[in-house]
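Got chain X sorted already, so can you dock chains U and F onto it with the hints?
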Amino acid sequence: MFGRDFKMTLSNATVAVRFQDVSRHFGNVRAVDAVDLDIARGEFFAMLGPSGSGKTTCLRLIAGFEQPTSGHIEIFGETAEGVPPYRRAVNTVFQDYALFPHMNVLDNVAYGLMVKGVDRNQRLAKSEEALKLVALAGYGSRKPGQLSGGQRQRVALARALVNEPKVLLLDEPLGALDLKLREQMQVELKSLQRKLGITFIFVTHDQGEALSMADRVAIFNEGRIVQVGRPEDVYERPQTRFVADFVGSSNVLSPDFTKACGLGANWSSLRPEKIRVLSAKEKAARDVVSFPAQVTSVHYQGAITRINTRVKGDQVLSVSAPAAGLALGDKLTLAWPRSAMHVMGGEA
Amino acid sequence: MRSNLEPRAPWGLKLAALLCVLFLHVPLLLIFLYAFTTEEKSYQFPPPAYTTKWFAVVWERQDIWDAIWLSVKIASIATAVALVLGTLAAAALWKSRFIGKDYISLLFILPIALPGIITGIALRSAFNVADIPFSMWTIILGHATFCIVVVFNNALARFRRLSGSMIEASMDLGADGFQTFRYVVLPQIGSALLAGGMLAFALSFDEVIVTTFTAGTGVDAKTLPIWMLDELIRPRQRPVTNVVAIFVMCVTFIPILAAYYLTRDAEHTAGAGK
Amino acid sequence: MSDHVISDARGGLFRRISDWIFRRPNAFLILLFLPPLLWLGVVYIGSLLALLAHAFFSIDEFSGFIIYEPTLSTIAQLFNPANFDVILRTVLMAAAVTIAAAIIAYPFAYFAARYAKGKWKALFYILVMLPLWSSYLVKVYSWKLILAKEGIISWVAAKLHLTWLLDALLATPVLGGPSLSISYFGTFIVFVYIWLPFMILPTQAALERVPANLIEASSDLGGTPGQTFRHVIWPLALPGLIAGSIFTFSLTLGDYIVPQIVGSSAFYLGQAVYTLQGTAGNIPLAAAFTVVPILIMFVYLSIAKRMGAFNAL
Chain X
1 MFGRDFKMTL SNATVAVRFQ DVSRHFGNVR AVDAVDLDIA RGEFFAMLGP SGSGKTTCLR
61 LIAGFEQPTS GHIEIFGETA EGVPPYRRAV NTVFQDYALF PHMNVLDNVA YGLMVKGVDR
121 NQRLAKSEEA LKLVALAGYG SRKPGQLSGG QRQRVALARA LVNEPKVLLL DEPLGALDLK
181 LREQMQVELK SLQRKLGITF IFVTHDQGEA LSMADRVAIF NEGRIVQVGR PEDVYERPQT
241 RFVADFVGSS NVLSPDFTKA CGLGANWSSL RPEKIRVLSA KEKAARDVVS FPAQVTSVHY
301 QGAITRINTR VKGDQVLSVS APAAGLALGD KLTLAWPRSA MHVMGGEA
Chain U
1 MRSNLEPRAP WGLKLAALLC VLFLHVPLLL IFLYAFTTEE KSYQFPPPAY TTKWFAVVWE
61 RQDIWDAIWL SVKIASIATA VALVLGTLAA AALWKSRFIG KDYISLLFIL PIALPGIITG
121 IALRSAFNVA DIPFSMWTII LGHATFCIVV VFNNALARFR RLSGSMIEAS MDLGADGFQT
181 FRYVVLPQIG SALLAGGMLA FALSFDEVIV TTFTAGTGVD AKTLPIWMLD ELIRPRQRPV
241 TNVVAIFVMC VTFIPILAAY YLTRDAEHTA GAGK
Chain F
1 MSDHVISDAR GGLFRRISDW IFRRPNAFLI LLFLPPLLWL GVVYIGSLLA LLAHAFFSID
61 EFSGFIIYEP TLSTIAQLFN PANFDVILRT VLMAAAVTIA AAIIAYPFAY FAARYAKGKW
121 KALFYILVML PLWSSYLVKV YSWKLILAKE GIISWVAAKL HLTWLLDALL ATPVLGGPSL
181 SISYFGTFIV FVYIWLPFMI LPTQAALERV PANLIEASSD LGGTPGQTFR HVIWPLALPG
241 LIAGSIFTFS LTLGDYIVPQ IVGSSAFYLG QAVYTLQGTA GNIPLAAAFT VVPILIMFVY
301 LSIAKRMGAF NAL
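These protein sequences, in sequence, are chains X, U and F.
Every letter in the first sequence is one number past the one before it in my numbering, and letter 112, counting from 1, is 112.
Every letter in the second sequence is one number past the one before it in my numbering, and letter 74, counting from 1, is 74.
Every letter in the third sequence is one number past the one before it in my numbering, and letter 127, counting from 1, is 127.
Pulled out of the complex, with its shape left as it was, chain X reads as follows (with noise of 0.2 Å):
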């Protein structure tokens, strides 16, 4: 069946989650499925792809708040299904915080061990320790109202890690962030989970985070993963269409396309960046695919424009290139090496 290729075998000593042939259907929609994944312990490990792509369901079945609809959970080797979510040794990190407005920061954090019966002194120690490692010692006695996004969402974090989870989720965590706080926050995300050694589960539908942060991703798109490797592996090798477009928004070339470049007539993926402009008098290299071009827009984006070029036929391509004072409507001559050019599989 497609996608059960994607499984890494792992032996069951090193798997923290593994679902097997997971489906959730909520009446005719299939939000999940038959999905085949094994999430190694200690990963980090992002489930990246549009809205409705199934994977914060994904992660909602590791949380317990859904329950499959047919197949197998398991978490570190233990059966999972039908175990509701307050028996279950994961913690979530919630797209909103889902902080209580009504305690304070440290009772927010104290609340998990409080209502595992731990005594008051031990759990705010542990509370007062865990705001420390991320970074908000001292911010305790505030109410949750009173706390900027950023702060909110490191209390988030910090109610969640307390719990020494053996699996911690994160959905869409740093989605309502601005732009340098959310790259401050996967830097912070990163070395924190390297430091701790967690299992860190990671949904997204940013793949520029999913990519910087993970270790694996896997790519939902309609209930099903397309895609599971290393950020370099989907990037560079997308195996399908939607991967190549999704990820990073490749070019992709269509079979006669790619036959006209001296490869098989199949779709194939090409990073804009990968293509170089030419001038005039260059003359192409061995190896290199060159095409005359007419472009037919010019988005300038700061460090590089993007350009999008038509070339042959109905074929459009966009290219990064350094600002170069292109117009529209300029004709010139793109090149690239045959190797930068990924032939993907036959189907989608």
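Derived by calculation from the structure, the hints in this document are not laboratory data.
Careful, some of the hints might be misleading.
Taking lysine to any residue and the SDA-like style, the derived pairs with C-alpha atoms no more than 20 Å apart in a straight line are [unchecked claim]: (1) LYS132/X <-> LYS195/X; (2) LYS101/U <-> TRP39/F; (3) LYS149/F <-> PRO235/U; (4) LYS144/F <-> PHE247/U; (5) LYS14/U <-> LYS117/F; (6) LYS143/X <-> MET166/U.
Only a predicted model underlies this, so the values are computations on that prediction, with no experimental measurement involved.
Using the frame of chain X, we list chains U and F on its own:
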């Protein structure tokens, strides 16, 4: 011609609004005035002279104290029943989806949507058919029926503002259903329940129509509003009724103002938590 | 912390119940629903249906016992001149009260919605809420004081040398009476007073939803204030007025205390029901009378729903 954009209202509109406010409030103020009149046989205006003796008279009247005590008992028990049932109904309706949900929500507001006389006579004939003797408990049953609606409305409005992920977060952190209710849900809906309970108490304390239908004839039928109704139809010492009216107004105003501030403040804090 | 990721089934009673709830959310939902549904669905709706069923029974003229055989004769009795008078009088009164309440409520609601800001707005809200929630009997009582022959209205009329006007009013055939507190005028005023807040609140809510920029747009397009009112504000405020009228109409239909305390001896629907079930012991006819407001309100509500009044509630 852009008078609609001007921040100042036309004087005609101001006057109309002012007259409306006077119309709403002057009658209530007159109640206070008449509590001090020396005239006890008629409603003569202006009062011939003023006295405070009626407050002392009321203090001595055992029948008034009995009526107050009965009203308090009935309102308290009806409110307690309504708090439990109204909260259960709101909790069940919140987030659940099923066929016929709209009809169930309609059912939960029907006792207030229909005129009280219909609720009253329906219950009365049911008591007759079922051979239930009229007592304090039949009054409580009647009052609880519409008190449920008030609690239900208040609780449901607050439930809807409660973020769903809050409950998931609590379960995720290891709290079972009961712990989640006690530590997360209850503190956040608490003030709405208190407000709903106060309104229910005020409504029950003041209710006449349903009471006349569900009450028997004995001593345990004479709630404070029933006592007042008797006085209105067959007046004896008229200023005494005024003193009692002032008391009733205070008993209902205080919970209503408190309920207003409770639900208003909650809007600020709940909004800040997100 | 244990090495197990999933904690086993140990734990107290509460935790076991929680587990049960988690596995059977629907059963739990039914358990939550059961008590309130039993109360309202069985006790309340059951009583209502039992009452309505009585409208199709009749009473034995001599023994006074109810004959439990389906018949339309009781319903037919509603059309006796005496009974029909009661219904007509009540409906006319409800209509008059509704119209008067709308006329008084509108300027107040308009002022509160468009011109009152901040603290004033809160004050206006409380100014409506207090009379709305304050004791019903106290409110009726206050008007008995005002309308009495020796009361404040007569006094004011005398001071303004308008006693002739008051006398002329009371001399009106049918509607007048020996004093305001024993006339149709009195009943009418008290009804308007008591139900007025129920008209103000939905109207104000509807007016508040009229965006200010809509009014600006209308005057920007050259509309005079009059045109703006007629074509923009009025249609948008109408659902609020209709929502308010649901209350004023329904409440007037069912009330029997006000006409008993302030008014002539003419009967209203509520009083008819009250006496029929009480002293007369004619439950079937009383039930037939209650069908009238239920039917009227049913028709009224379906019209109101079509006009979008429910969103203004």
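Structure-based check of each hint:
no.: 1; hint: LYS132/X <-> LYS195/X; verdict: holds (14 Å)
no.: 2; hint: LYS101/U <-> TRP39/F; verdict: holds (17 Å)
no.: 3; hint: LYS149/F <-> PRO235/U; verdict: holds (15 Å)
no.: 4; hint: LYS144/F <-> PHE247/U; verdict: holds (18 Å)
no.: 5; hint: LYS14/U <-> LYS117/F; verdict: holds (14 Å)
no.: 6; hint: LYS143/X <-> MET166/U; verdict: holds (15 Å)
The structure agrees with every numbered hint stated previously.
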